[in-house]
Amino acid sequence: MIGFVLVSHSAKIAEGARELAEQMTQGRVAIAAAGGIDDPAHPIGTDPMKIVAAIEAVYSDDGVIVLMDLGSALMSAETALEFIEPERAERVHLCSAPLVEGIVAAAVQATAGGTVDQAMAEAQSALEAKRAHLNEAAMLPPAQDEPITSDATHTLRVIIPNALGLHARPAAKLVALTGQYQANLTLRVGDRTVNARSINQIATLGARQGDELIAAAVGPDAVDLLAAVQRLADDNFGDPLDLPAAPSADGQIERHDGVPDHVIVGIGASPGIAIGVVQRLEDERLAIPERNVADSLAEAARFDAAVATAVADLRQLETTTRQRIGGERAGDQAGIFEAHRLILEDPELIARVTEAITATSQNAESIWWAQVQALADRYRALPDPYLSGRAADVIDVGKRVLRHLLPGQTRGLRFDQPCILVAADLSPSDTAQLDSAQVLGIITVAGGATGHTAILARALGIPAVVGAGPAVQRIEAGQQIALDGGSGWIWTTLSDDERQTLAAQRADWLEAQQQLRQRAHEPAITRDGLRIEVAANIGQPDDARQGAAAGAEGVGLFRTELLFMGRESAPTEDEQYQAYCEAASHLSGGPLIVRILDVGADKPIDYLPVAAEANPFLGYRGVRNWLDAPAIARAQLRAICRASAEHNLKIMFPMVSTIAELRDVRERLRAIQAELSAEEIAHNPDLEVGVMIEVPAAVLMADQLAPLVDFFSIGTNDLAQYIMAADRGNPAVNHLADYCQPAVLRAIRLVTKAADDAGIWVGMCGEMAGDPLAVPLLVGMGITELSMNAPAIPAVKAVIRTLDRSACQALVDQALALESPEAVRTLLESRASEQISG
Amino acid sequence: MSEMLTKAQLVRWLETSADLFAAQKAYLTELDSAIGDADHGINMARGFAKVAEKLPSVAESDIGNILKTTGMTLMSSVGGASGPLYGTFFMRAGQAAPDQDVLAASDLAAIFEAGLAGLVQRGRAEVGDKTMIDAWTPALAALKASIAADETLLEALIACVNAAEQGVQDSIPLIAKKGRASYLGERSAGHPDPGATSSYYLLKVLLETVKADA
Ligand SMILES: Nc1ncnc2c1ncn2[C@@H]1O[C@H](COP(=O)(O)OP(=O)(O)OP(=O)(O)O)[C@@H](O)[C@H]1O
Ligand SMILES: [Mg+2]
Numbered sequence: 001m002i003g004f005v006l007v008s009h010s011a012k013i014a015e016g017a018r019e020l021a022e023q024m025t026q027g028r029v030a031i032a033a034a035g036g037i038d039d040p041a042h043p044i045g046t047d048p049m050k051i052v053a054a055i056e057a058v059y060s061d062d063g064v065i066v067l068m069d070l071g072s073a074l075m076s077a078e079t080a081l082e083f084i085e086p087e088r089a090e091r092v093h094l095c096s097a098p099l100v101e102g103i104v105a106a107a108v109q110a111t112a113g114g115t116v117d118q119a120m121a122e123a124q125s126a127l128e129a130k131r132a133h134l135n136e137a138a139m140l141p142p143a144q145d146e147p148i149t150s151d152a153t154h155t156l157r158v159i160i161p162n163a164l165g166l167h168a169r170p171a172a173k174l175v176a177l178t179g180q181y182q183a184n185l186t187l188r189v190g191d192r193t194v195n196a197r198s199i200n201q202i203a204t205l206g207a208r209q210g211d212e213l214i215a216a217a218v219g220p221d222a223v224d225l226l227a228a229v230q231r232l233a234d235d236n237f238g239d240p241l242d243l244p245a246a247p248s249a250d251g252q253i254e255r256h257d258g259v260p261d262h263v264i265v266g267i268g269a270s271p272g273i274a275i276g277v278v279q280r281l282e283d284e285r286l287a288i289p290e291r292n293v294a295d296s297l298a299e300a301a302r303f304d305a306a307v308a309t310a311v312a313d314l315r316q317l318e319t320t321t322r323q324r325i326g327g328e329r330a331g332d333q334a335g336i337f338e339a340h341r342l343i344l345e346d347p348e349l350i351a352r353v354t355e356a357i358t359a360t361s362q363n364a365e366s367i368w369w370a371q372v373q374a375l376a377d378r379y380r381a382l383p384d385p386y387l388s389g390r391a392a393d394v395i396d397v398g399k400r401v402l403r404h405l406l407p408g409q410t411r412g413l414r415f416d417q418p419c420i421l422v423a424a425d426l427s428p429s430d431t432a433q434l435d436s437a438q439v440l441g442i443i444t445v446a447g448g449a450t451g452h453t454a455i456l457a458r459a460l461g462i463p464a465v466v467g468a469g470p471a472v473q474r475i476e477a478g479q480q481i482a483l484d485g486g487s488g489w490i491w492t493t494l495s496d497d498e499r500q501t502l503a504a505q506r507a508d509w510l511e512a513q514q515q516l517r518q519r520a521h522e523p524a525i526t527r528d529g530l531r532i533e534v535a536a537n538i539g540q541p542d543d544a545r546q547g548a549a550a551g552a553e554g555v556g557l558f559r560t561e562l563l564f565m566g567r568e569s570a571p572t573e574d575e576q577y578q579a580y581c582e583a584a585s586h587l588s589g590g591p592l593i594v595r596i597l598d599v600g601a602d603k604p605i606d607y608l609p610v611a612a613e614a615n616p617f618l619g620y621r622g623v624r625n626w627l628d629a630p631a632i633a634r635a636q637l638r639a640i641c642r643a644s645a646e647h648n649l650k651i652m653f654p655m656v657s658t659i660a661e662l663r664d665v666r667e668r669l670r671a672i673q674a675e676l677s678a679e680e681i682a683h684n685p686d687l688e689v690g691v692m693i694e695v696p697a698a699v700l701m702a703d704q705l706a707p708l709v710d711f712f713s714i715g716t717n718d719l720a721q722y723i724m725a726a727d728r729g730n731p732a733v734n735h736l737a738d739y740c741q742p743a744v745l746r747a748i749r750l751v752t753k754a755a756d757d758a759g760i761w762v763g764m765c766g767e768m769a770g771d772p773l774a775v776p777l778l779v780g781m782g783i784t785e786l787s788m789n790a791p792a793i794p795a796v797k798a799v800i801r802t803l804d805r806s807a808c809q810a811l812v813d814q815a816l817a818l819e820s821p822e823a824v825r826t827l828l829e830s831r832a833s834e835q836i837s838g
Numbered sequence: 001m002s003e004m005l006t007k008a009q010l011v012r013w014l015e016t017s018a019d020l021f022a023a024q025k026a027y028l029t030e031l032d033s034a035i036g037d038a039d040h041g042i043n044m045a046r047g048f049a050k051v052a053e054k055l056p057s058v059a060e061s062d063i064g065n066i067l068k069t070t071g072m073t074l075m076s077s078v079g080g081a082s083g084p085l086y087g088t089f090f091m092r093a094g095q096a097a098p099d100q101d102v103l104a105a106s107d108l109a110a111i112f113e114a115g116l117a118g119l120v121q122r123g124r125a126e127v128g129d130k131t132m133i134d135a136w137t138p139a140l141a142a143l144k145a146s147i148a149a150d151e152t153l154l155e156a157l158i159a160c161v162n163a164a165e166q167g168v169q170d171s172i173p174l175i176a177k178k179g180r181a182s183y184l185g186e187r188s189a190g191h192p193d194p195g196a197t198s199s200y201y202l203l204k205v206l207l208e209t210v211k212a213d214a
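As they're listed, the protein sequences go chains A and B. When we follow the numbering used here, the leftmost residue of the first sequence carries the number 1, and every step to the right adds one. When we follow the numbering used here, the leftmost residue of the second sequence carries the number 1, and every step to the right adds one.
In short, the hints are calculated from the structure, not lab data. Among these hints, one or two may not hold up.
What the hints assert, rightly or not - Here are the simulated lysine-lysine pairs, BS3-like style, with alpha carbons at most 30 Å apart:
1) B/K178 with A/K12
2) B/K68 with B/K7
3) A/K12 with B/K7
4) B/K50 with A/K130
5) B/K50 with A/K12
6) B/K204 with B/K50
7) B/K54 with B/K177
8) B/K25 with A/K12
9) B/K177 with A/K130
10) B/K25 with B/K178
11) B/K7 with B/K177
Said to hold, decoys possible - Output of the computed footprint for chain B on chain A, the stretches with three or more beta carbons under 8 Å from beta carbons of chain B:
12) 112-123
13) 220-226
14) 292-306
15) 364-372
Even for Gly, the Cβ is constructed at its ideal location relative to N, Cα and C.
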């Protein structure tokens with residue numbers, strides 16, 4: 001007869017289950033318990049050797065069935081089989097049935113003379129009776145092919161009344177409407193049927209005026225839903241009745257008095273003339289990594305989170321655009337972001353991506369991008385030009401989600417040829433990365449003259465028109481257009497006359513720019529004889545060459561993160577040494593300030609893992625984690641010190657917020673210098689050490705920090721965000737994180753005062769340093785080194801040459817007394833218009 | 001520096017491991033309490049204490065036998081999943097050991113490879129399931145790469161231990177797919193895997209044993 005073995009972590013369970021079965025079999029079946037382990041203090045566990053003994057005890061050639069509880073019980077049982085003679089082991093069967101139900105059912109079967117197979121089958125189905133009793137079958141999911149519900153289908157036929165058919169706005173209305181009902185609604189035009197909860201599917205139906213639309217609803221409130229659809233159709237799907245052409249949200253060109261038909265008027269944000277081919281943000285070449293993920297569920301969750309963040313961004317953009325722009329334009333501009341949000345809230349699209357992630361275990365960004373392109377292609381293929389133009393929006397939205405999936409990696413927009421860039425909006429970081437050689441001009445749908453895009457475009461010398469409204473989304477990629485960043489005019493086509501006039505104006509403008517650039521190689525000296533060092537911010541060694549070509553006298557900030565990113569292990573000391581030497585070699589003896597690695601949870605590096613943080617911005621980053629990564633710190637310090645032997649290097653520490661941290665890093669540096677001396681390796685023992693002032697705590701402690709260092713460098717980007725407690729990436733509050741905020745100016749003043757008292761110099765390496773408008777204030781406060789993105793250098797040097805220190809100091813006093821950034825800007829603008837002409 | 005791992009070093013490795021697991025018993029148990037049944041430290045300490053008891057009786061036999069005895073002892077004394085797992089690991093390692101009193105780096109890689117194959121066969125876990133496999137797999141790969149690059153035994157072990165440590169780090173965000181922790185589902189993320197940690201300890205002790213003689 002068959003024998004049985006019961007394996008449990010608990011000796012009591014194994015023994016109890018045995019007793020239970022024996023009640024039924026009354027000694028006619030051999031059952032052995034192998035539970036627990038021989039450790040009186042910790043008796044819970046499984047022991048393969050005990051199982052071997054139990055099997056041997058009940059073995060007969062009729063076979064043995066082993067029932068186990070969980071986890072190691074299975075592995076221990078499998079292991080046990082290896083210690084049993086192979087011919088016997090063949091007759092031992094491990095059974096996945098539940099322990100208690102299984103042993104009772106199988107043992108009873110054995111007493112009835114059943115075979116091993118029969119007993120195993122009995123054990124396997126032992127849960128059936130229990131399930132039936134508890135009526136659990138009802139809880140099982142319905143079989144696949146069953147209809148979701150047996151409710152009747154109600155249908156409605158309407159002829160599409162509105163001139164433009166089911167374009168984006170009617171589609172959005174249908175989606176919103178369906179969302180208010182429980183019933184499921186499908187829409188059919190011709191032979192295509194789509195889900196009415198999916199804006200993309202409705203819009204890509206390509207339904208036109210006069211087409212028959214069949215709406216079919218199933219569900220408890222199906223009739224009401226269809227009645228509501230009828231009402232919407234009666235209301236011309238929300239479109240004005242007399243609409244002859246496209247509504248402006250879909251790209252109609254707005255009319256202004258005295259403006260030719262082919263000209264769109266936006267807000268002039270950065271002076272200059274540009275003539276060129278249109279490229280959209282979507283035409284940017286993207287390298288989307290493709291890889292397999294270990295945990296596709298986590299990947300799907302990451303995707304959901306990115307979509308949720310993008311939706312939140314769009315909501316914010318929508319409300320702030322409405323509030324801050326105001327007036328008629330606001331509705332149109334905000335409408336763009338609403339349309340983008342609806343695309344993202346399409347359940348079909350999201351479900352397709354999530355399913356594909358779990359089905360293929362591919363990374364979210366590659367799947368998302370493929371789906372976005374497929375969707376954009378579907379829009380593009382539509383015959384209706386208004387709808388096919390939506391492809392641009394789809395790509396825009398796709399990019400927005402990608403930015404959240406690939407934080408920090410979507411840097412530097414790259415295009416195949418020089419172009420005029422058209423985008424719904426440009427993030428400050430996108431704008432800051434633009435290369436004026438590639439981007440001749442910028443046009444955005446949203447935004448104002450004081451927006452970030454505008455400020456940065458000016459610094460970069462790229463002509464820009466912002467807030468041009470949705471009409472510009474209709475300009476086709478590849479079309480030749482022109483813009484005047486002074487007047488805000490955009491010529492969507494060019495007559496020969498216009499082309500000639502504009503080309504001449506552009507030539508004049510370029511000439512002025514060229515003069516600026518030539519003079520950029522001369523030092524920047526104020527009228528009263530103070531030399532301000534103008535330097536470049538760089539991310540890799542070769543940037544130093546470009547900086548020097550633009551007129552930089554040194555590098556005020558070498559962000560070393562790029563050296564560390566996108567690789568599997570940290571760059572070695574030698575690699576870093578090479579990189580620092582190479583950067584310095586482009587500077588003809590000018591200073592190179594190397595900032596040590598500043599990474600945090602927002603831009604993690606594989607080999608320096610920082611656990612996910614709720615708030616990376618306030619987290620473990622900069623010196624905070626660098627200090628805890630001794631190997632990385634050591635290699636970087638040694639590389640910097642070694643490079644300082646032959647080159648004019650300085651070292652700078654980010655995110656310092658306490659004196660203790662500064663002492664700690666200085667001590668680290670001292671130890672490394674001692675080590676190098678002991679090894680007789682050349683280095684500069686007087687290497688200048690600075691701290692980056694970006695945390696408010698460092699501002700307030702500046703008087704105590706100053707005596708311990710050789711210089712300060714103010715990082716205005718983070719400093720403004722920390723002082724104002726406002727994230728630049730959050731459109732609802734990013735206007736607060738403005739370096740013209742009086743609070744930020746006061747902080748800078750505190751820093752320069754403390755430095756002055758201690759006799760050390762102060763530089764600045766944030767965006768503010770490259771803002772020609774702000775430069776007089778900085779000079780007035782005593783900052784003597786300005787480090788910026790290379791393209792801003794000529795304009796900043798030109799401004800410096802117009803300045804007089806005592807006038808600047810007076811300006812500072814005035815500015816510090818003002819109460820808002822707007823007032824500060826007005827003051828600076830009026831000063832600028834007095835000083836510079838042209 | 002010796003380029004071979006001697007039998008004496010091997011024995012010392014196992015003895016020192018017993019000391020280490022006794023010392024780290026509370027810590028490993030604490031790790032296991034976060035995502036398991038709070039017994040991994042107890043299990044490892046018990047198993048290796050038994051191994052240390054057994055070692056003197058086999059210290060004079062060959063390396064294969066020492067490893068196999070270690071495996072058998074762990075198998076019947078650990079109590080948890082790590083019993084059959086480490087048991088199988090050392091048994092298979094012992095079977096793969098050459099008939100010599102020393103192990104070249106390549107021998108070490110070969111016996112670890114056999115051991116890891118046993119682990120995988122026994123636990124049916126894959127890399128990324130948040131188990132000890134997540135420490136052993138990269139560790140073995142690093143060991144082999146280092147040997148292929150003609151590095152010394154010590155260098156190879158350093159690479160191996162670093163990779164194991166990284167494997168433990170990398171196990172933190174994972175959601176467990178095997179073992180007790182898998183019952184926790186997503187809540188298992190955010191903690192290192194206890195078994196991966198104990199595997200890393202074993203390798204670290206081996207490195208230190210070799211280093212001490214270097
Ligand atoms: N199937 C498996 N494959 C590989 N490793 C596993 C597997 N299951 C568990 N482990 C490893 O075992 C470790 C837990 O060992 P431990 O000694 O605590 O056993 P346990 O999980 O408590 O066993 P039991 O199943 O008896 O409860 C886990 O951290 C994991 O590394
Ligand atoms: Mg456990």
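Hint check:
1. Restraint check for B/K178 and A/K12: satisfied, since their Cα atoms lie roughly 25 Å apart, inside the 30 Å limit.
2. With a CA separation close to 14 Å, the supplied pair B/K68 and B/K7 stays within the 30 Å bound.
3. About 43 Å separates the Cα atoms of A/K12 and B/K7, which puts this hinted pair outside 30 Å; it is violated.
4. Restraint check for B/K50 and A/K130: the C-alpha separation of about 44 Å exceeds 30 Å, so the hint is violated.
5. The suggested pairing of B/K50 with A/K12 holds, with an alpha-carbon distance near 25 Å, which does not exceed 30 Å.
6. For the given pair, B/K204 sits about 20 Å from B/K50 by alpha-carbon distance, which is consistent with the 30 Å threshold.
7. Distance restraint check for B/K54 and B/K177: the Cα-Cα separation of roughly 34 Å exceeds the 30 Å cut-off, and the hinted pair is therefore not satisfied.
8. Proposed proximity of B/K25 and A/K12 is supported: the alpha carbons are some 26 Å apart, at most 30 Å.
9. Between B/K177 and A/K130, the direct Cα distance comes to roughly 28 Å. Compliance with the 30 Å bound is thereby established for this hinted pair.
10. For the suggested pair B/K25 and B/K178, the alpha carbons sit about 22 Å apart, so the restraint of at most 30 Å is met.
11. Between B/K7 and B/K177, the direct Cα distance comes to roughly 37 Å. Violation of the 30 Å bound is thereby established for this hinted pair.
12. Counting residues of the region 112-123 of chain A whose beta carbon lies closer than 8 Å to any beta carbon of chain B gives 0, which falls below the threshold of three, so the coverage claim is violated.
13. As drawn, the region 220-226 of chain A meets chain B at 0 residues by the rule of a beta-carbon pair under 8 Å; below three, the given contact is violated.
14. Under the rule that three or more residues need a Cβ within less than 8 Å of chain B, the assignment of the region 292-306 of chain A holds, with 4 such residues.
15. Given a C-beta distance limit of less than 8 Å, the hint that chain B covers the region 364-372 of chain A is violated, as 0 residues qualify and 3 are needed.
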